[in-house]
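Undergrad: What follows is each chain in one-letter form.
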Amino acid sequence: MKNIKGLTILLLAMLAIAFFFSGCNSDSEGIDTSGEGKGGSMARFTFLKGYLYIVEESSLKTFDISNPDNPNLIGTTEINAGVETIFPYENYLFIGTKWGMYIYSVEDNPIPVFLSNFQHSYSCDPVVVSGNTAYVTLRNGTTCQSGPNRMEVVDVTDLGNPTLLNTVDMLNPHGLAVSDTVLFVCEGDYGLKVFNIKQKSDPVLIAHHDSIPSYDVIANYGRKELIVTGKEGVFQYDFSNPYELKQLSKILSLPGNDE
Amino acid sequence: MALTACDTWEPVPSFDVAQVEGFRPIYATESEIEIKSLTAQEIENPGKIYVINEYLLVVDRLKGIHVFDNTHSENPQNIGFIQIAGSNDIAIRNNILYVDQARDLLAIDISNPANVQLASRVKNVFPFASQHPQEENTYYECPDSAKGVVIGWERATLNYPECYH
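So the protein lines, in turn, are chains A and B. In short: position in the first sequence from 1, add 47, done, that's our numbering. In short: position in the second sequence from 1, add 1006, done, that's our numbering.
Please keep in mind that the hints were generated in silico from the structure rather than gathered at the bench. None of the values given here were measured: they were computed from a predicted structure. Certain hints may be false.
Unchecked claim - Examples of chain B residues lying across from chain A (beta carbon under 10 angstroms, computed):
| hint | residue |
| --- | --- |
| 1 | Pro1019 |
| 2 | Val1023 |
| 3 | Ala1024 |
| 4 | Pro1052 |
| 5 | Ala1097 |
| 6 | Asn1100 |
| 7 | Val1128 |
| 8 | Cys1148 |
| 9 | Pro1149 |
As the list claims (entries may be wrong) - Simulated DEER-style distance windows between Cβ atoms:
| hint | chain 1 | residue 1 | chain 2 | residue 2 | range |
| --- | --- | --- | --- | --- | --- |
| 10 | B | Asn1165 | A | Gly269 | 47 to 55 angstroms |
| 11 | B | Leu1124 | A | Asp111 | 35 to 43 angstroms |
| 12 | B | Asn1118 | A | Tyr268 | 24 to 32 angstroms |
| 13 | A | Asp227 | B | Pro1133 | 14 to 22 angstroms |
| 14 | B | Leu1044 | A | Ser113 | 48 to 56 angstroms |
| 15 | A | Asn117 | B | Asn1118 | 18 to 26 angstroms |
| 16 | B | Gln1140 | A | Asn219 | 17 to 25 angstroms |
| 17 | A | Lys297 | B | Asn1100 | 40 to 48 angstroms |
| 18 | A | Lys293 | B | Lys1042 | 36 to 44 angstroms |
| 19 | A | Asp236 | B | Thr1077 | 29 to 37 angstroms |
To be verified - Output of the computed footprint for chain B on chain A, the stretches with three or more beta carbons under 8 angstroms from beta carbons of chain B:
| hint | region |
| --- | --- |
| 20 | 198-207 |
| 21 | 241-252 |
| 22 | 287-300 |
All C-beta atoms in this analysis are idealised placements derived from N, C-alpha and C, irrespective of residue type, glycine included.
Taking the hints into account, I'd like the entire structure generated from these sequences.
TA: The following block contains the structure:
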C-alpha cells in the first residue's frame, strides 16, 4: 500500500511538472526584443543616439533608422583599409583597425566627425572604453605573423590626443569586456583572462582560465554575468567574485569545428 | 599557417604557383539565401554573440542566428534558428534585426522568431565581401557567378590560383 501511495504522489508530481513546462512552451510564440541590444567588442554594427553605425572593410557607414524597417544610408566616412570593430561610448565611436584606433564624435551630428587616431604597429584589434581609459588588444593575425600580441592601455581624457599609459603582454588577444573594475580578455585558444583594473592604467592579472577557448565576451553588469563565445561553444559565468568565476551553463557547438 | 609575412611584401605575386594556401569562395544558391525561421538547431561554428532583454543570440558563421531564451542563464533554452546565409554581424533594436548577408544589409522583423519577416534589403553595403577575402596579401580562387552568390570565404589549398588581393 505504501508503495502505491508513493507512486501516486510521484505521478502527480511529474504531471504537475509536465503541465508547468507545457505552460511555458505555449507562450513562446512572440518574444520581447524591444529596446536596444548589446554586442561584444568584435562587433561591426552598433547603435548610437538612434542611428545604426556599421564598419566595413575601409569605411564607417551611418544609417538613419527612424523608419526601422527601412535603414537609410545617410553617410559613408572613409577611414583606411583594415577596419575591424566599432565600440560606442557616450557620444563617441571607437573604431578598431589594423593600423590603430580611430575616435569619431557624433555629438553634434549623426555623421561622425574625426577626432584622432592612435597608431600602433600592424595588427588586429578591438577596443573597449571605460571612463577615460581605452583598452586595445593587438594580436598577430593570419596576414601578418610578425605583429605583436599585447594589450595597450590608452588615456583618452583628451579625445583629440590619446596617449599610451601602459602595455601588457598577451598570448593572442581577441575580444574584451569591461565591468566596473574588472576587465575580461579573450585569448583565443589560450583561454580567458581576468584583470583587476581598480587602477585603470595598470591592469593586474587575477585569473587565467586556459580551458575556455574564447573569441568574444559580453559582460552583463546588472546580473554580474559573463557570456563567452569561442570555437567550443557559448559559456556563461557568474563573476560576482571575479577571482573565482562560477560556470552557469555551456552551449556546446558540434564537435570538430575550427574557429 | 599562412605563409605571407610583412617583411617580405611582394607587390606583384607570381601566378605560376602549382600549390599554395589561400581562400576559395563559399557560394549560396538563390533558394539558400532565402531568410526563414527554422526549428532550433545545434551550433556548428559559433561566431558573434548578442544580448537583448532576456534573449541571447549566437551567430553561426555564414549560416544564421540561434535564438536562446536566457531568462535562466544556468539553463538557456534554444528556441529557434533564423536562416541567413552569409551572416556574420547583428544588431537588434525595437524588434528589428539588422544583419549582413554577403554584400547586403538586411532588416528583419523578429518579433515572432517562429515566423520572421524580411522587411528590407539595402544592397551593396559591403561591396568587397563578395569580391575578395578580407585577408590581405593572399591568393584566392576567382569567384564564378555561375556557381551562385559568394557569401564568404574559406581557407583552402589552391592550384594555380588566378586572383590575388
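Undergrad: With reference to the structure, classify each hint as holding or not holding.
TA: Hints, verified against the model:
1. Interface hint at Pro1019/B: violated, since its Cβ lies 14 angstroms from the closest Cβ of chain A, which is beyond the 10 angstroms cut-off.
2. Hint status for Val1023/B relative to chain A: violated, with the closest Cβ pair at about 18 angstroms, above 10 angstroms.
3. Taking 10 angstroms as the C-beta contact cut-off toward chain A, the hint placing Ala1024/B at the interface is violated, the least distance being around 22 angstroms.
4. The restraint placing Pro1052/B at the interface with chain A holds, with a minimum CB-CB distance near 5 angstroms, inside the 10 angstroms limit.
5. A cut of 10 angstroms between beta carbons decides the hint on Ala1097/B: the least distance to chain A is about 4 angstroms, and the hint holds.
6. Interface hint at Asn1100/B: satisfied, since its Cβ lies 6 angstroms from the closest Cβ of chain A, which is below the 10 angstroms cut-off.
7. This hint holds: Val1128/B has a C-beta 6 angstroms from the nearest C-beta of chain A, less than the 10 angstroms allowed.
8. A least Cβ separation of about 19 angstroms between Cys1148/B and chain A goes past the 10 angstroms threshold, and the interface hint is therefore violated.
9. For Pro1149/B, the interface hint is violated, the least distance from its beta-carbon to any beta-carbon of chain A being 16 angstroms, above 10 angstroms.
10. Separation of Asn1165/B from Gly269/A is about 54 angstroms and conforms to the stated range, judged on CB atoms against 47 to 55 angstroms.
11. Checked against the hint of 35 to 43 angstroms, the pair Leu1124/B and Asp111/A fails, with Cβ atoms roughly 19 angstroms apart.
12. For Asn1118/B and Tyr268/A, the Cβ-Cβ distance of about 30 angstroms falls inside the hinted range of 24 to 32 angstroms, so the restraint holds.
13. Separation of Asp227/A from Pro1133/B is about 40 angstroms and departs from the stated range, judged on CB atoms against 14 to 22 angstroms.
14. Separated by about 32 angstroms at the C-beta atoms, Leu1044/B and Ser113/A break the suggested range of 48 to 56 angstroms.
15. Taking the beta carbon of each, Asn117/A and Asn1118/B are about 20 angstroms apart, inside 18 to 26 angstroms as hinted.
16. Between Gln1140/B and Asn219/A the beta carbon distance is about 18 angstroms. The supplied range of 17 to 25 angstroms therefore holds.
17. Between Lys297/A and Asn1100/B the CB atoms are about 31 angstroms apart, so this pair departs from the stated range of 40 to 48 angstroms.
18. Between Lys293/A and Lys1042/B the beta carbon distance is about 38 angstroms. The supplied range of 36 to 44 angstroms therefore holds.
19. Range check, Asp236/A to Thr1077/B: about 31 angstroms between beta-carbon atoms, so the 29 to 37 angstroms window is met.
20. Check result for the region 198-207 of chain A against chain B: violated, 0 residues qualifying (beta carbon to beta carbon below 8 angstroms, three or more required).
21. Chain B is given as covering the region 241-252 of chain A, and this is violated because 0 residues of the stretch bring a CB closer than 8 angstroms to a CB of that chain, at least three being needed.
22. Counting residues of the region 287-300 of chain A whose beta carbon lies closer than 8 angstroms to any beta carbon of chain B gives 5, which meets the minimum of three for the stated coverage.
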